[in-house]
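*Asks:* Here the protein sequences come in this chain order: A and B. Going by the numbering used here, the first sequence opens with residue 0, and the numbers climb by one from there. Going by the numbering used here, the second sequence opens with residue 840, and the numbers climb by one from there.
Fair warning: there could be bad hints in the mix.
With a straight-line cut-off of 30 Å between C-alpha atoms, the simulated DSBU-like cross-links for lysine-lysine are [said to hold, decoys possible]:
#1 B:Lys991 / A:Lys100
#2 A:Lys100 / A:Lys156
#3 A:Lys100 / B:Lys989
#4 A:Lys100 / B:Lys893
#5 A:Lys111 / A:Lys53
#6 A:Lys100 / A:Lys60
#7 A:Lys156 / A:Lys111
#8 B:Lys893 / B:Lys861
#9 A:Lys60 / A:Lys111
Derived from the structure by calculation, the hints contain no laboratory data.
Residues per chain are reported as follows:
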Amino acid sequence: MFPDEIVTPRLRLRALSREVVDPLDAYEQFAASRSDTIEEETEFVTWNPHETPKETLEFLKQAEEGHESAENAIYAVFPRDGEDGAGEFAGTAGFNPEWDKRRAVFGMWLRKEFWGRGYSGERAAAFFAAVFDVLDLDVALAYAMPENEASCRAIRKYTDRFGGQEDGLFPNETVDADGTPRDVRGWSVTREQWEDATGGDYDAAFRWEDSE
Amino acid sequence: MSDLYPTVVETPRLRLVARRPKYVGVHEAYDLCSAPEMDDVTRYMPWSRHETPKVTTEFLDRGESSWVDAETADYAVIPREGEDGAGEIAGFGGLHTEWDRRVGRLGLWLHPRYWGRGYSGERAAALAALAFDALDLEVVSVSHVAENEKSKRAIEKYMAALGGGLDGRDRNSIVVDGEPTDELRYSVSREDWLATTGGDYDAEFRWAVAPDDVR
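Assemble the whole structure, with the sequences as input and the hints as a guide.
*Replies:* Printed below as a string of C-alpha cells:
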C-alpha cells in the first residue's frame, strides 16, 4: 500500500528495511557508543540512543512489519546526487496513518550533519501528497516539544506553506525516553487546505516495487 | 486493603458511587442507558444507547476491571436528597488516570432530564481535587466534540473556575457514527488549580465505606 520509494528534488526516501540499511551500518548512527551527535539528535524524541545492535535490528524489523501491514510508514532518507553527503543514510522519516480517523501523524529524525538544509520541509511536501493524494486521508498532523525550537520552526514553516495551522499546546501529552511527561505542540494541514494551497500539484515521484 | 480510588464522592448536591456491579444494578443502569432520550446524549459520543442489558452488563464489568486495575475511577452520578430525582442514577462519569503522563482525564454524560443544573461543574471540581490532592497527578484534562455546544459551555465555565482553559483542537481525533470529527481539548495544571482555588474544594471522599452505606 505505501510507496516503496519517494523521490523529491533533493532526496530519495526508501522504505526502511534491513536491505535498504544494513543493521550494523545503521547502528553506527544510532549508537550512544559510536555516534558523537546522537545525544543531540535525540534530545527531543521519545526514544533513546541504541545500546546494542540488537535494538537497531529490532527497529528495522519493526519498520518492515509496519510497511507490510500498512500500519506505519517509515523511510530511510538519502540525499540525492549533487547534495553534500549524497547517498548517505541521513535519517528516517515516516507517517503513521490512523485509518479509522482518516489522519496521519508525521515524524522525522535527521542526523545533525544534515540539519538546516530544508530537508524536513521537502520531505513534508512529499508526505502531504502521499497521505492526501495516494492514501486518501483527510488530515496530516505534526508534533514537537515546545523546547525543540528548530523542529517547531520547520513545522510552522511547512504547515503554513501548505495552508495549515497550529492547533494547540497540550500539557503532559507524551512521555520521553526517561519516563518524564512532556508538553507537545501540534500542527495540522487538512486535505482541503492542501488542495487550496497547491492545486493538487507536487514535485515528488512515488514508486512501488513489482508485486507478484 | 483499600482501593486507590474512593468508593464514594460526595459533593453538595451529588453522590458519586463506584461504577461496579456490587453497587450499581444492571437493570437500573439499563433503564437509564437504553432510554430513548439517550440518542440526544450519544449524538456527540463514540457509542450509542444500549440495545440489550448484555451491553449494560459489559459496561458495568468494564467499570469493575478498570477500577480494580487502577485505570479509571468511574462513578454513577446520583442526585442527593432535596434534588429532583434524588437517589436515581442521572448518568456516569469519572477520572481516567494516565499514570505515566501524570494526567487525569475527565468524562461524563447525564440523562437530558438532569442537564442545565450545573452537575457537570460540581462533579469536575470534586474529581479535579481528587486528581491533584489524593492521586498526585499534574494535569486534569477534558475534551468535547467541537460541535457540542452544551458541553463546550459547561467545560469552558468549570475549567475557568478551576484555573484552566482551552489547549487547542485535535483534528479527526474521534469517530462518531463512523465519521471522524474534531475535538476541543482543555486542561488545568496543579499549579494553576492551586493558585485559583487555593486548594479548597467542597467534596468528601470516602475510601472505607460499609457496603450497606454506599448507596
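*Asks:* Each hint: holds or not?
*Replies:* We went through each hint and held it up to the structure:
no., hint, result
1, B:Lys991 / A:Lys100, "holds (22 Å)"
2, A:Lys100 / A:Lys156, "holds (25 Å)"
3, A:Lys100 / B:Lys989, "holds (24 Å)"
4, A:Lys100 / B:Lys893, "holds (28 Å)"
5, A:Lys111 / A:Lys53, "holds (23 Å)"
6, A:Lys100 / A:Lys60, "holds (26 Å)"
7, A:Lys156 / A:Lys111, "holds (20 Å)"
8, B:Lys893 / B:Lys861, "holds (16 Å)"
9, A:Lys60 / A:Lys111, "holds (24 Å)"
Of the hints listed earlier, there is not a single one the structure fails to meet.
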